[in-house]
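Asker: Following my numbering, the numbering of the sequence shown begins with 1 at its first residue and continues without gaps.
Treat the hints as calculated values from the structure; they're not laboratory data. Check before you lean on any hint, since a few could be wrong.
Here are the computed distance ranges between Cβ atoms for each label pair [stated by the list, open to error]:
(1) Gly23 / Ser51: 17 to 25 angstroms
(2) Ile16 / His58: 13 to 21 angstroms
(3) Lys73 / Ile3: 15 to 23 angstroms
(4) His75 / Ser41: 26 to 34 angstroms
(5) Pro35 / Leu72: 17 to 25 angstroms
For glycine and all other residues, C-beta sits at the position ideal for the given N, C-alpha and C.
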Amino acid sequence: MNIYHKVDEVRMENGILFLRVDGQSISKALIDISPVLVTASDKELNHYEISPSGYGIHWPLLDEDISIDGLLKIHHSPLQRNQLCNSA
């Protein structure tokens, strides 16, 4: 399995998502990420799963997913995607 990112911390406070990804602290307003997350309860927000590869975060109670690449504004070229797929 390819590891995309190392996600060490995920927490939400006052409408802000705080992450520690690949040693870097990131904060994003939930309103800028997902309308589903903005209206979610604390219980729903705090029930999340980080994918084993570090590719994304899933909120099963909300059926909502976000990609870490999307949050970091990383775009992989088709060649990079093919290399990742072929190395699995």
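Asker: Mind checking the hinted window 13 to 21 angstroms against the Cβ distance between Ile16 and His58?
Answerer: Since the Cβ atoms of Ile16 and His58 sit about 19 angstroms apart, the hinted range of 13 to 21 angstroms holds.
Asker: Indicate whether the distance between the beta carbons of Lys73 and Ile3 respects the range 15 to 23 angstroms.
Answerer: holds, 20 angstroms
Asker: Is the distance from the Cβ of His75 to the Cβ of Ser41 consistent with 26 to 34 angstroms?
Answerer: holds, 33 angstroms
Asker: Kindly confirm whether 17 to 25 angstroms is satisfied by the beta carbon distance between Gly23 and Ser51.
Answerer: Given a distance of about 18 angstroms, which is inside 17 to 25 angstroms, the answer is holds.
Asker: Does the Cβ-Cβ separation between Pro35 and Leu72 fall within 17 to 25 angstroms?
Answerer: holds, 21 angstroms
Figure legend: structure checked against the earlier numbered hints; every hint is met.
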